[in-house]
Amino acid sequence: MAVITMTINDELVSGVEGQSLLSLIREQGIELPTLCHLEGLEARGGCRLCLVEMQSTQRLLPACTTTAQEGMSIQTHSERLVRYRRMILELLFAERNHVCAVCVMNGRCELQDEAAKIGMDHVRYDYLVPELPMDATHDKFAIDHNRCILCTRCVSVCDSVEGAHTWDVMGRGVNSRVITDLNQPWGSSRSCTSCGKCVQVCPTGALANKGSTVAEMVKRHDFLQWILDGREKKQWVMHNGGSEGRR
Amino acid sequence: MTTLATKRTGRKADKAEPAVSSKIRLATAWLGGCSGCHMSFLDLDEKLIDLAEVVDLVYSPIADVKEFPDHVDVTLVEGAVANVDHLELAEQIRQRSKLVVSFGDCAVTGNVTSLRNKFPLEDLLTKVYHEGPGAVPRGGEYDKIVPALIPRVLPLHQVIEVDAFIPGCPPDPERIWAAVSALLAGEPVVLPEKMRMFG
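Going down the list, the protein sequences come from chains A and B.
Counting along the first sequence from 1, when you hit position 34 you're at 34 in my numbering, and nothing is skipped either side.
With the second sequence counted from 1, adding 1000 to any position gets you my numbering.
Source of the hints: derived by calculation from the structure; they are not laboratory data.
All of these numbers come straight from a predicted model, not from anything done at the bench.
The C-beta atom is built at its ideal place from N, Cα and C for all residues, glycine as well.
No false leads were mixed into what you were given.
Here are the in silico distance ranges between beta carbons for each label pair: (1) PRO1151(B) <-> GLY230(A): 54 to 60 Å; (2) GLN1095(B) <-> ASP139(A): 55 to 61 Å; (3) GLY173(A) <-> ILE1150(B): 27 to 33 Å; (4) ARG220(A) <-> HIS1071(B): 51 to 57 Å; (5) MET170(A) <-> GLY1132(B): 35 to 41 Å; (6) GLY1186(B) <-> THR67(A): 47 to 53 Å; (7) MET170(A) <-> VAL1084(B): 37 to 43 Å.
Can you make the complete structure from the sequences, with help from the hints?
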């Protein structure tokens, strides 16, 4: 595999041809926030938290969906990027009803974590307070749309790993919602295998085990690499991941 | 960033001034919240003794003072703005305090207090009171006895200018101490990551 050389934050670094910018940046020990990205799922560039700035054109590109190129020069933490990241998080908090104190994922939520990391100590925008439902018709799991940030990890893992494609997205813009089957109650879904992968990869308290109450939900990501390594390499090695190690 | 040092210019530096009391005038207020933040404040335990040596607590739910006084240095405000009394007190706090701090998630985000924002006020009162058992209590109209609810619960910074934020439901005593000691030292409140978490 060919080696490429590029510049990250004025430092020369080398990576492998075809490598994503995000993976190369993280290899350097630089922390870049992400919410939709999850190792093992297809990069989507949805949450925009991993935006980086091209030195030459000042263009902003999501690091997860951009391939590292020979001679590229980027900044990962310019004043503008830090400002935008905080704005994105504030908008996510304002868009739905994220009330951390009464959430199943309180203390282990990726949205809550990213806000604390970036120093978002309050939201400057008006809260939209949308009227959103919960669906607790499934035997084992429930979805609370109030907590959903539309990262679509559930859609992705259900499609590409489980192969069921129970989840999808309906509506547009601020009215988008993740749905099961053709917007049927989850409990009546005939495609859902009840495997729970969607629940485990969900970064917030939107998807949770039924019966878990405030701050009780713990999620695991390690199954994902386990399945993918087994499928692709015939190797079964357990990695650590998920919300267990948080706080 | 606003600090007590920048807002107390002249007062702190001038050692010759024979101050009536050289102590910092601290107030705490309780708007639409459960008082959990104040409970957590009391959990400062023996640090309260250290605190009492450098501050005068001039207004607080735990001090019997009826009117919010003038010339307050730092005010910690617990709770969201939920009714007309809160609106009035918030205005007074801002006018009479050098530094105003949103103290806890309800003041910072609206939090649990703002869960009622999904319902129109009429529906809320109907569901809780008019359709409930017993006589209908006051509160629907502003009768000057029970304060009328405002249509939407607001975080404090949407009503008055706020100088610092202490998130948490409730903020634990370590967080409160970190913030309060910074404020009293005239430094900006910069909490470490683990102390910035909502919830």
